[in-house]
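Participant: If you read the sequences in order, they're chains A and B. Using the numbering used here, you'd call the opening residue of the first sequence number 35 and step up by one each time. Using the numbering used here, you'd call the opening residue of the second sequence number 35 and step up by one each time.
It cannot be assumed that every hint is accurate.
What the hints assert, rightly or not - Derived DSS-like pairs: lysine-lysine, alpha-carbon spacing no greater than 27 angstroms straight-line: (1) A:284 with A:314; (2) A:129 with A:189; (3) A:314 with B:129; (4) B:314 with A:189; (5) B:106 with B:129; (6) A:284 with A:189.
It is worth saying that the hints were derived from the structure and are not from the lab. No experiment lies behind these values; they were computed from the predicted model shown.
There are 2 protein chains.
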Amino acid sequence: MSLFQGLSAFPITPADASGRLDTAALARLLKNIEEARADSIGLLGSTGAYAFLTRQERRRAVETAMDTVGGKIPVIVGVGAIRTSDAVDLARDAKAAGADGLLLAPVSYTPLVDDEVFEHFATVADAGQLPLCIYNNPGTTRFTFSLDLISRLSKVVNIEAVKMPLPSGGDFTSELASLRSATGSAFRIGYSGDWGGAPALLAGSDAWYSVVAGLLPSQALALTRAAQAGDAAAVERLDAAFGPLWALFKEFGSFRVMYVVASLLNLCDVDPPRPVLPLKDQARQRVAAALDHLDAVFSAGCMQAR
Amino acid sequence: MSLFQGLSAFPITPADASGRLDTAALARLLKNIEEARADSIGLLGSTGAYAFLTRQERRRAVETAMDTVGGKIPVIVGVGAIRTSDAVDLARDAKAAGADGLLLAPVSYTPLVDDEVFEHFATVADAGQLPLCIYNNPGTTRFTFSLDLISRLSKVVNIEAVKMPLPSGGDFTSELASLRSATGSAFRIGYSGDWGGAPALLAGSDAWYSVVAGLLPSQALALTRAAQAGDAAAVERLDAAFGPLWALFKEFGSFRVMYVVASLLNLCDVDPPRPVLPLKDQARQRVAAALDHLDAVFSAGCMQAR
């Protein structure tokens with residue numbers, strides 16, 4: 035199986051108020067994902083707060099991951115940075131620490147044009163010497179990849195996959211057909227935006243880059259396997275179990291919600307990096323209720339419980 | 035006069051490919067602005083590539099500024115950062131180095147909500163202990179300040195001004211009226227987006243936060259003084275002199291254009307930070323022609339030449 039297939043679980047990166055990593059807590063989250071047998075870990079993704087962390091702390095996160103789960107589950111590392119030279123350093127750090135793959139978003143301050151993004155990706159892909167996934171995430175980077183740019187990038191050595199946002203109209207089938215014809219047959223296409231992950235797999239995507247799987251890997255894996263098996267009825271039932279959580283993701287952003295989930299699951303109790311504020315009591319109670327709902331469905335349905 | 039009134043000139047920050055400052059070149063640009071008698075310098079603004087530079091290089095830039103022009107012209111320093119704790123450090127560094135004021139944009143990765151931006155600004159304003167201008171720049175930060183949020187922020191100690199983007203409909207008069215009534219009489223309202231700077235002053239704004247003044251301060255000052263005097267005919271004539279340059283700003287982004295201007299004026303010859311690419315030959319020739327046009331109008335009209 036390719037590195038960029040199946041369920042990729044994106045945990046938060048526990049850190050203190052000054053951005054110093056809590057390696058023990060991170061190790062706990064990674065172990066949890068590995069034991070649930072997800073297909074890969076997406077370390078230092080958007081959910082992993084990579085944009086808030088220094089090069090040093092990001093290196094420590096990769097080292098912690100390789101020490102904890104290296105060789106047992108592939109680890110894909112986010113290496114996005116505003117400056118190309120910084121992203122190059124991060125890619126080399128990840129490679130040196132033993133990472134299996136890279137994830138690169140076109141983080142920017144000055145809005146970028148296509149040729150700039152192309153050169154940026156080609157430079158980092160060459161420096162990293164690891165399989166690289168294009169991180170197409172306009173919600174945070176505000177850069178929109180054209181089909182043409184994805185096609186050009188898919189021909190660059192080491193660039194092997196794309197992580198797509200959910201299509202605005204929800205039509206995975208036609209988007210996948212366009213992407214497949216614009217890229218080679220070995221190029222992998224996955225989706226993020228958790229409420230679309232399973233529908234995208236059902237429609238033939240290769241991977242679900244999942245926020246929820248970072249903390250609830252067993253439940254996300256059950257949904258993934260149902261979708262990969264083409265079992266639409268099971269997908270519908272399991273997706274409904276996640277329904278209240280998806281609603282909270284849409285309302286507050288999954289980043290804020292996952293810190294509450296981590297605390298409620300007793301996995302770690304840290305705040306998101308400021309300026310992002312912790313959710314308030316009323317929202318926290320709704321997160322608790324959403325987890326109860328998920329638990330109830332999974333308990334009733336002889337699926338793996340959390 | 036308030037710190038946040040008149041012409042504030044925003045130079046580029048010359049640096050090498052790894053992001054190491056060229057302090058001699060920066061000093062040259064700052065001296066040029068001071069000698070032209072602009073009203074303030076906007077150091078490390080968007081044009082000053084603050085988002086691409088480390089804390090150490092940003093501190094060196096402020097120290098260079100204070101050593102070169104400190105006490106002769108007020109220096110306002112951009113202290114934006116994704117993490118609140120980093121922005122706090124930058125604000126304290128600027129204060130320690132002797133800066134006169136701060137400029138703060140709500141730089142973000144995870145899109146922020148109003149309360150998060152409010153807390154971020156209040157924290158940095160308190161840490162910096164200098165007059166602070168809200169940097170409202172949705173083109174780079176993608177955060178849009180509501181009138182209500184600006185009103186709330188205007189009541190925070192040390193927050194004394196806002197730098198606005200051009201109103202989409204071009205109606206400065208009604209926007210200024212709304213902003214004035216939402217803020218106190220001591221609160222200063224200025225605009226960026228160079229082609230709207232003079233029209234905004236004519237309509238009663240307090241300041242023009244000007245990219246072009248970073249390298250062509252005399253010409254920008256002539257336009258500023260005409261607008262401040264309410265001389266609409268002079269504004270129209272001088273604004274037309276800048277016309278070809280404004281067109282290039284709109285087409286390529288002023289950030290990319292100013293590196294070419296700096297080279298053509300023999301002020302410094304550096305590239306923008308990658309991934310931003312230098313403009314190509316054809317565009318560079320158009321920048322040269324735009325400068326010739328500006329020169330011709332200013333030479334003909336007994337205004338200060340460059």
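Participant: State for each hint whether it applies.
Facilitator: Hints, one by one, checked against the model:
1. A:284 with A:314: holds, 16 angstroms
2. A:129 with A:189: OK: residue 129 (chain A) and residue 189 (chain A) at ~21 angstroms, within 27 angstroms.
3. A:314 with B:129: violated, 34 angstroms
4. B:314 with A:189: holds, 25 angstroms
5. B:106 with B:129: Holds. Residue 106 (chain B) to residue 129 (chain B) sits at ~17 angstroms (cutoff 27 angstroms).
6. A:284 with A:189: violated, 34 angstroms
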